Amino acid sequence: MSGAYDIIVLGGDPNGLAASARLARAGRRVLVLERRDALGGATTSEELFPGFHFNTGWPDAGLLDAALVNKLDLASHGLDFSDIPVAAYALDSGITLWRDVLRTASELHEHSIPDAQAFVGYAQEAAQYAAILQRMARLEPPGLAHRPLRLLARWAGVALAARRLGPRGLMDFLRVLPMSAQHYLERHFQSEALKGVLAAASVSELMQGPRAAGTSFKLVYGQLAGDSGGYRSAQRVKGGLAALNRALASAAKGAGGDIRTGAQVQRILIENYRVAGVELAGGERIAARAILSTTSPEQTLLDWAGGPQLQPRDVRRLRNIKYQGSTATVHLALSGLPAFEAREEQLSGDIVLCPSPDYAERAYDAAKYGQLSAEPILIARIPSLLDSSLAPTGQHAMSVTVRYAPYQLRDGDWDQKRETLGDLVVKTLERYAPGLGQLVLHRKVITPLDYERDYGLPEGSFTHGQMGLDQLLTMRPIAGFAGYRAPIDGLYLGGDGAHPGGGVSGLPGYNAAGQLLREVR
Amino acid sequence: MPIPTAFHSRAAALCQTQEWRDWSGYLSAISYQPSHEFEYYAVRNAAGLIDVSPLYKYEISGPDASRLVDRIITRDVSQCAVGQVLYTPWCDENGKVIDDGTVTRLEAQRFRITAADPSLRWFQDSGFGLDTEVRDVSRELAALAIQGPSSRAVLQACLKEIDLDRLPYYHAAEAKLGEIPLTVTRTGYTGDLGYELWIAAEHAEMVWDRLMEAGAGYGLQPVGLAALDMLRVEAGLLLIDVDYSSVRSAHIESQTSSPYELGLGWAVDLEGADFVGKRALLGEKERGAPRSFVGLRVPWADLERLFGAMDLPPQVAGRASRSALPLYVGRRHVGQATSMLFSPILKEYIALATVDSRYARRGQTLEIEITVEYKRQRANATVSKLPFYNPPWKKAVVGG
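As given, the protein sequences belong to chains A and B, one line each in that order. Everything in the first sequence is counted per the numbering used here, starting at 1 for the first residue and increasing by one. Everything in the second sequence is counted per the numbering used here, starting at 1 for the first residue and increasing by one.
The hints are simulated quantities; they were obtained by calculation from the structure and are not laboratory data. Since the model is a prediction, treat every value here as computed from it, not as a measurement. Please note that a few of the clues may not be correct.
Calculated from the model, a selection of chain A residues having no Cβ within reach of chain B, i.e. all distances over 10 Å [stated by the list, open to error]:
| id | residue |
| --- | --- |
| 1 | Val120 |
| 2 | Gly143 |
| 3 | Pro178 |
| 4 | Gly306 |
| 5 | Gln311 |
| 6 | Pro312 |
| 7 | Gly412 |
| 8 | Gly435 |
| 9 | Leu473 |
Have a look at the derived ranges for each label pair, beta carbon to beta carbon [said to hold, decoys possible]:
| id | chain 1 | residue 1 | chain 2 | residue 2 | range |
| --- | --- | --- | --- | --- | --- |
| 10 | B | Gly217 | A | Arg319 | 53 to 59 Å |
| 11 | A | Leu174 | B | Asp117 | 36 to 42 Å |
| 12 | B | Arg378 | A | Leu473 | 49 to 55 Å |
| 13 | A | Glu375 | B | Glu253 | 53 to 59 Å |
| 14 | A | Ala66 | B | Glu253 | 42 to 48 Å |
| 15 | A | Pro178 | B | Gly25 | 34 to 40 Å |
| 16 | B | Glu133 | A | Glu284 | 30 to 36 Å |
| 17 | A | Ala131 | B | Gln336 | 39 to 45 Å |
| 18 | A | Pro178 | B | Leu282 | 39 to 45 Å |
| 19 | B | Ser35 | A | Arg319 | 51 to 57 Å |
| 20 | A | Asp470 | B | Met1 | 47 to 53 Å |
| 21 | B | Asp117 | A | Ala66 | 49 to 55 Å |
| 22 | B | Glu253 | A | Leu174 | 29 to 35 Å |
| 23 | B | Gly25 | A | Asp470 | 39 to 45 Å |
All C-beta atoms, glycine included, are put in the ideal place defined by N, C-alpha and C.
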C-alpha cells in the first residue's frame, strides 16, 4: 500500500474539506479523495459555457455555519460573500421579502394589512426556532442506547435554550416542527401569494408538498444560518461556490492536509472488522486507520464497503433510506437581463414562482405519480447581477431550480425528458419575462438522473436522503448510526446523509471529524 | 385460518381425533389416534410418517451461493460436500440465535435450507452484494418424514434405484419413487433412524399413499405433533419458542441465546469464513457462555414423596409439557426447565433446561419446581447427558 495517512476523507465537497481541515489542524495526516476533477461535488460552480459560471448543484452556500467559517478562518483563505438585500421576489404578486424584515412588513401593506402586521412576529419566531435548530445542528445527535455524559451536558444547553422560549413558546416550538408548512403559514398569514413564496422554501429539496407533516421543520431549518428574512438563509459566495471549495481546500492544505482529485474509489478495505484503507479504481491501495466519508451512506456502505461487510439488518435499513430526489436545474446563459417586472435590486435574491401553497401542492401531485409538474415551482437566481465575475459584461448567468422533477419517472426517462423540462421552464418564465427565449445563448438542463450520475447524489437527492421527520437527528441516516459512526470500526459518515443534513452547512463533515478525533487516537 | 398442507387429504382421512394445530399457518394433526402413545411407540419400535411440510424451505443458488450460506450459518460450508446435510443455527450480528435448521448441499452452488420461521428477507439481506438467488420454496415443496427402526426397510421398498444402506446419517440423495423425483435426506426430529423426503407438492399424496402401502406390513403409522414432541425431547433436540426464543421475538437481552448457550457450540466454526455474529461469538468463546443447555432427570422417588404427602400418585403429563419451570440451587434461581416429559421408553421424568453454566456439570443436583395440589414444591433434578435416547441404529451405516 502507498502513502501513510491517519485518515482518508472520501469526498472533496464542503463537508469533506471542512472535515479534513479540522482533522489536519488537529495534527492528523489527512488525505481527501475526490472522484471528480474539480472539488465540491454538487456544491460547486462550473464554467458551463465560455465566460458563464453557474452554481451547478446547490444554488448557494445557504446554511454555511458561521462558527465553522471562523474556526477554520476561511476569510483569510479568500472566502467572501456578496451582500444580497433580497431574500425572495414573488413573480406572480411582486411581493418582495427583504432580508430586512421591517422593510418587508412595511411593503406588505400593499398586499395585506394583517399580513404586514403579522410578518415581523412570524419572522422573529422562525428566527428563534432556527437558532435552536442551529445549536442542535452543531452537536452530534445522541445515540439511542449510548448517551455519554459529555453529550447530555451539551444537549442540556439546547433544552435550556428551548426553555427560554417560555412555556407557551416551548409548546409552540414543539407543535410547529412536525406541522405541515401550509398549516403553519395559515396560522400567521392570509395572503395566498405570501404563503406561496414561503411554501416554496418549505419544500426545498423535498419530495413532499407543503401539506406534508414536517414541512414546517424544513421551513425553519432553511433559516438555520440566520439573516433569512423569514424565508431562507442564503449566503452567496463571491466567485461562485467553487471559491468556497478553494477556501476550504486552502485551509486544509494550509494545515498539512493532502487532496487528490480524479481519484475514483473502488472499495473500502476492511481487515478484521476495521477499515484498513481504500483501493482506487486503478488498483492503487492507500492505507489509513480511519475513513470519513461524505458521500451518501448508500455509496459508502453498500457500494464501497460492500454487502458482505455489513450486517443484514443494516443492509435492509440502508436500502430503505428514502432518497427521492426531485430537483432539476436549468442553467441559462443570457445575452441580457430578463425583462421581469421588477427593479434590478429585487432580482438579486431568489426569484420565486409559487403563487400559493395549493399551487405547490398541485405541483407535487404530479410528481407523486412520477410526472414532471406541468406548473412547477420555479426558483431562479441571477448571481451575475451582484458578481460580475460570473458572466461577460452585460450578459447574465441564470439558474432555475425546478420542483418537482421526480427521479422516478412513470413514463420514459430523464435522458428523453431533459429538453422537455428545459422548454417548460423557459416557456413558464416567459410569462413573466417576455422575450426570455430570445436571450438564451446556451442552455444546460441537469436532471435528477444527471445529479446522480455526474454529481454522486443518490437518486438525485441533494440532501443524501429526504429530510423528513423519520430521517432526522438520531434517525439520520438511520437509527443506530448516530454519532457519525458507521457499523464498521474506524468508518465515519460525515455527508449530508448524516446529522444535521443538507444545505451546505459543512456541519455533518465538521461534526463527524470532531467525533473521529475523540475516538481514533 | 390455517390452510391444508399437500398431504391434508390423506392426513384428514386418518385423523380420528380431529385434533389439529396451527403450525406455521398450516393444519397439522396433533394426534391421529385417540392415544398418541401408539404413534410414539410406532416411531420407537417400527416406523412413523410425519407431515413436516409446514417447515419453511429456501433454496439458495448462484455463483456465490456457498459464500452466502457460509455467511448465514455458523458452520463452515467448505466442510460440507455435495450430498451432505448440516444441522446449524444462524445468528444475528450479536451472535444471538435467530433460528436453526438443516442445510442440504444439493449441488456445489445450490443449497436447501429449512427454517422454523420466515427467513427470506434475512437470507436476501445477508446476500446483498453477492451473486445469488434466494427462493422461498416452502409451498411448492412438500416434506414428509419417515422415522423409526423400520423406516429404512419401508422406504427402500419404494425407492428402487438407490441403496439406502449406503446413505449415511446427515446425507442426501436424489431418488425416484416410481416416476416421482424427490430428495431423500437421512435426517429427522426424533433421534431415531429416519429419513425426510422433499417432494414437489403436486406429487405429495401419491408419495404418502405408496409409503403407507409399503409400510403396512411394518407397522407404519401416521404420527402427529404430540408424539413428535415427545420424541424430540428424548433426542435432546431444541424447539424454537419453547426451549429458546429467537432473538427476533425476544423482548429483552436475557431472552436471547447464543449457540453456546444452546449446546450448539459444536456447530460454531470460528476458524472458517466470516459469518454474521462471528465477531461476537469469538468474544463469547473466550469469556465462556454464561448459560448452558442441559438434560435433567427427576428421580421418581422424589415425585412419589411429594405427591404421596398429599395421598396422590405422581401425576406427570402424558405429553411433553412446554410450561417452563424454575430451577434452584438452594435459594438461588439458576435456570429453567423448558420441555418436560415422562419418557415412556426410559420410564423416567426428563427435561430440557437452560441453567447457569456454574451449575451445568453432569451430575450436578438442582431442584425443580413441581406443583402438587396448587402448592409449589421442589424435587431434585440431576444434570445429565443429552440426548437421553440415542439408539445405535440412528447413525449406523449397514455394512459400513
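**Item:** Beyond 10 Å from every chain B Cβ - status for A/Gly143
**Value:** holds, 16 Å
**Prompt:** In this structure, is the beta-carbon distance linking A/Pro178 and B/Leu282 contained in 39 to 45 Å?
**Reply:** About 44 Å separates the Cβ atoms of A/Pro178 and B/Leu282, which means 39 to 45 Å holds.
**Prompt:** Would you say the C-beta atoms of B/Asp117 and A/Ala66 sit inside 49 to 55 Å of each other?
**Reply:** Holds: the Cβ-Cβ distance is about 53 Å, inside 49 to 55 Å.
**Item:** Whether the CB-CB distance between A/Leu174 and B/Asp117 falls inside 36 to 42 Å
**Value:** holds, 40 Å
**Message:** The output says A/Gly435 does not contact chain B. Does that hold with a beta carbon cutoff of 10 Å?
**Reply:** holds, 54 Å
**Item:** Cβ separation of A/Glu375 and B/Glu253, checked against the hinted range 53 to 59 Å
**Value:** holds, 55 Å
**Message:** A cut-off of 10 Å on Cβ-Cβ distance, and A/Gly306 was said to be off the interface with chain B. Does that hold?
**Reply:** With a cut-off of 10 Å, A/Gly306 comes too close to chain B, as the shortest Cβ separation is near 5 Å.
**Message:** Assuming the hint says 29 to 35 Å, is it satisfied by the Cβ distance from B/Glu253 to A/Leu174 or not?
**Reply:** Given range 29 to 35 Å: holds, Cβ gap about 33 Å.
**Request:** Go ahead and decide if the range 34 to 40 Å is satisfied by the Cβ distance of A/Pro178 to B/Gly25.
**Result:** holds, 39 Å
**Asked** Beyond 10 Å from every Cβ of chain B: is that where the Cβ of A/Gln311 lies?
**Response** violated, 4 Å
**Outcome for the supplied range 42 to 48 Å, where the beta carbon pair is A/Ala66 and B/Glu253** = holds, 44 Å
**Whether the CB-CB distance between B/Arg378 and A/Leu473 falls inside 49 to 55 Å** = holds, 52 Å
Violated hints for the displayed structure, listed by number in ascending order: 4, 5, 6, 17, 20, 23.
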